[in-house]
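Using the sequences provided together with the hints, build the complete structure.
Protein chains: 2
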Amino acid sequence: MKIVILGGGGMIGHKLAQEIKRGKVGLKNNSVILHDLFFSNDSEALGEIRVGDISKPGEIESIAKERPDLIYHLASVVSGQAETDFDIGWEVNFHPTWRLLNAIKNEHLASAGGYRPKFIFTSSIAVFGGPYPEKISDDFLCAPQTSYGAQKLICETMISDFSRKGFIDGISMRLPTVCVRPGKANLAASSFFSSIIREPLNNMEAILPVRDSVRHWHVSPRSAIGFLVYAASLNFDKLGARRSLNLPGVSCTVAEQIEALRAVAGQEAVDRIKFVEDKKVTRIVSGWPENFDPVRALGLGFVAEKDFSEIIMAYIEDDLRPISN
Amino acid sequence: MKIVILGGGGMIGHKLAQEIKRGKVGLKNNSVILHDLFFSNDSEALGEIRVGDISKPGEIESIAKERPDLIYHLASVVSGQAETDFDIGWEVNFHPTWRLLNAIKNEHLASAGGYRPKFIFTSSIAVFGGPYPEKISDDFLCAPQTSYGAQKLICETMISDFSRKGFIDGISMRLPTVCVRPGKANLAASSFFSSIIREPLNNMEAILPVRDSVRHWHVSPRSAIGFLVYAASLNFDKLGARRSLNLPGVSCTVAEQIEALRAVAGQEAVDRIKFVEDKKVTRIVSGWPENFDPVRALGLGFVAEKDFSEIIMAYIEDDLRPISN
Numbered sequence: 001m002k003i004v005i006l007g008g009g010g011m012i013g014h015k016l017a018q019e020i021k022r023g024k025v026g027l028k029n030n031s032v033i034l035h036d037l038f039f040s041n042d043s044e045a046l047g048e049i050r051v052g053d054i055s056k057p058g059e060i061e062s063i064a065k066e067r068p069d070l071i072y073h074l075a076s077v078v079s080g081q082a083e084t085d086f087d088i089g090w091e092v093n094f095h096p097t098w099r100l101l102n103a104i105k106n107e108h109l110a111s112a113g114g115y116r117p118k119f120i121f122t123s124s125i126a127v128f129g130g131p132y133p134e135k136i137s138d139d140f141l142c143a144p145q146t147s148y149g150a151q152k153l154i155c156e157t158m159i160s161d162f163s164r165k166g167f168i169d170g171i172s173m174r175l176p177t178v179c180v181r182p183g184k185a186n187l188a189a190s191s192f193f194s195s196i197i198r199e200p201l202n203n204m205e206a207i208l209p210v211r212d213s214v215r216h217w218h219v220s221p222r223s224a225i226g227f228l229v230y231a232a233s234l235n236f237d238k239l240g241a242r243r244s245l246n247l248p249g250v251s252c253t254v255a256e257q258i259e260a261l262r263a264v265a266g267q268e269a270v271d272r273i274k275f276v277e278d279k280k281v282t283r284i285v286s287g288w289p290e291n292f293d294p295v296r297a298l299g300l301g302f303v304a305e306k307d308f309s310e311i312i313m314a315y316i317e318d319d320l321r322p323i324s325n
Numbered sequence: 001m002k003i004v005i006l007g008g009g010g011m012i013g014h015k016l017a018q019e020i021k022r023g024k025v026g027l028k029n030n031s032v033i034l035h036d037l038f039f040s041n042d043s044e045a046l047g048e049i050r051v052g053d054i055s056k057p058g059e060i061e062s063i064a065k066e067r068p069d070l071i072y073h074l075a076s077v078v079s080g081q082a083e084t085d086f087d088i089g090w091e092v093n094f095h096p097t098w099r100l101l102n103a104i105k106n107e108h109l110a111s112a113g114g115y116r117p118k119f120i121f122t123s124s125i126a127v128f129g130g131p132y133p134e135k136i137s138d139d140f141l142c143a144p145q146t147s148y149g150a151q152k153l154i155c156e157t158m159i160s161d162f163s164r165k166g167f168i169d170g171i172s173m174r175l176p177t178v179c180v181r182p183g184k185a186n187l188a189a190s191s192f193f194s195s196i197i198r199e200p201l202n203n204m205e206a207i208l209p210v211r212d213s214v215r216h217w218h219v220s221p222r223s224a225i226g227f228l229v230y231a232a233s234l235n236f237d238k239l240g241a242r243r244s245l246n247l248p249g250v251s252c253t254v255a256e257q258i259e260a261l262r263a264v265a266g267q268e269a270v271d272r273i274k275f276v277e278d279k280k281v282t283r284i285v286s287g288w289p290e291n292f293d294p295v296r297a298l299g300l301g302f303v304a305e306k307d308f309s310e311i312i313m314a315y316i317e318d319d320l321r322p323i324s325n
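Keeping their order, the protein sequence lines are chains A and S.
Numbering-wise (our numbering), the first sequence opens with residue 1 and increments by one.
Numbering-wise (our numbering), the second sequence opens with residue 1 and increments by one.
Some hints here could point you the wrong way.
Stated by the list, open to error - Quick list of in silico lysine-lysine cross-link-like pairs, DSS-like style, CA-CA up to 25 Å:
hint : chain 1 : residue 1 : chain 2 : residue 2
1    : S       : K56       : A       : K56
2    : S       : K2        : S       : K15
3    : S       : K279      : A       : K165
4    : S       : K280      : A       : K165
5    : S       : K65       : S       : K2
6    : A       : K279      : S       : K165
Quick caveat, the hints were computed from the structure, so don't treat them as lab data.
Structure follows, in structure tokens:
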């Protein structure tokens, strides 16, 4: 089985490739292509490395020409960059997906319908925009309030239509915020959700930029990878006509995150969190979804953590190691 | 005020241009450009005629370069063609809108933010897909089940994001099915909703291809034009962050349409309708929305007919004339 991971150099792509190497996806003798702008040195053991820029014309079409059986499309610039660099956001998060789908359609037609890859796209809860109900149901509208969310919604819509026409067999997976992310803090507005747990567990200080009453929707990297692995085995006909799926997660407040940290690692860890309000981050986060009722995904067998303690334990078991500076 | 109507040669575009000429939109001394592939001879009195194909590179960018104050974007291939000719659907209903918005953004940036046109886009209830609630609320999800609906949703999403960024001041208007359309029957699956009224009023026979229990969501051409005229005067800040709007209409069954025809034109007219079931049309129509609860649009002042009799009267007053063969 030929598998391509677009965005294979990122945290999720790397962990996914590890699971594929462990035989968790498809048949045993997989050939795996990892495509991204950058890779860490330890990626080479996981598959064939392709360094490239999907926003360059021809780059992503060449992927389609190889007719992979399964395409994981995780490649995008993050929310913050798509908001700051408007053109780059659309050039990376929108046009290449169109070109890829169109190129796959051409392969499908050239093979008289014999080529129809499974296509798994990581979308985001950024497709939603307020005002929200207490819990977002599976039939709540998408009204993105960021360019990143708009680009994800547009890709979802294309993937649904190309699936309906039989050119691909696609799914768009609206992942909760992935937390606790390993590694260093990044510039994303959501970064603190991870760092207030990760840094104390690594004996470092963390800044909390919002009030602890803020509620958000989380999933561990372990469960996010679990969703992507499970999707590869799922018969997408079970999705019916709606190919976009709200995935399960844990809804909790920052105060509940901190309580879970205290239960796992003690008051000493909690004392390393310093509250320094950042009004810009507070304003951005106030527009984010807080809770979902993902009935369809649960019915299809997708499973996430039950509470934030489990998310912390997943980090400790899978990723805890000193942060290099 | 410089006004451009993309799709100015179609039925809606033509009637809209007539209203503009009557001074119903903006200031008195409007300059109006009508752009389309084809025009009837009587269009020339309504504005400057531009014959062109928006799917040709450069065509739509040249519109942006003229910096119109108000752009009505009505241009698209119809639902049936977008479904049959997959590539043409995306080439006409999707790419030109992206290129237009991007070109407007460039004009905006070149003018240091001084150029920001009002942008009124005709979307469609085809952005929705079943299963439906009894009435579709303003926060019901979009899950299009046709390429046409997918293309409209994608354009809506781009228009929202370009508006949020301040490059345009845009609205996407999800029109009900426009009925009673003047002129001859066309190949659209929805054509019979008009022809079962129009043909009997013109002493001609009409075919009803579905059972009369079918319920659908209608608006007269007069009200549809009224929406477009009213939108030009509306402060879009009132829309908040959600720039797509479900417009009001009349929900009724085919049986109720026929009863209204009987009340207006007598049993003789009704006797000209022949039921000849078309399973393909029946299947297509079974996926369409039946009823809405357009609270936001009503609150903003958009007004449609109260019942189907009013829709018939609008046709008789505005459009009734013998059909030429």
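We went through each hint and held it up to the structure:
1. Restraint check: the Cα-Cα separation between K56(S) and K56(A) comes to about 22 Å, which is no more than 25 Å; the hinted pair holds.
2. At most 25 Å may separate the alpha-carbon atoms for a hinted pair to count; K2(S) and K15(S) meet this at roughly 18 Å.
3. With a CA separation close to 20 Å, the supplied pair K279(S) and K165(A) stays within the 25 Å bound.
4. Among the hinted pairs, K280(S) with K165(A) is consistent with the structure: their alpha-carbon atoms are about 17 Å apart, no more than 25 Å.
5. For a cut-off of 25 Å, the pair hint linking K65(S) to K2(S) stands: about 12 Å separates their Cα positions.
6. Annotation: proposed proximity of K279(A) to K165(S) holds, straight-line Cα distance about 20 Å (limit 25 Å).
Checked against the numbered hints given earlier, this structure breaks none of them.
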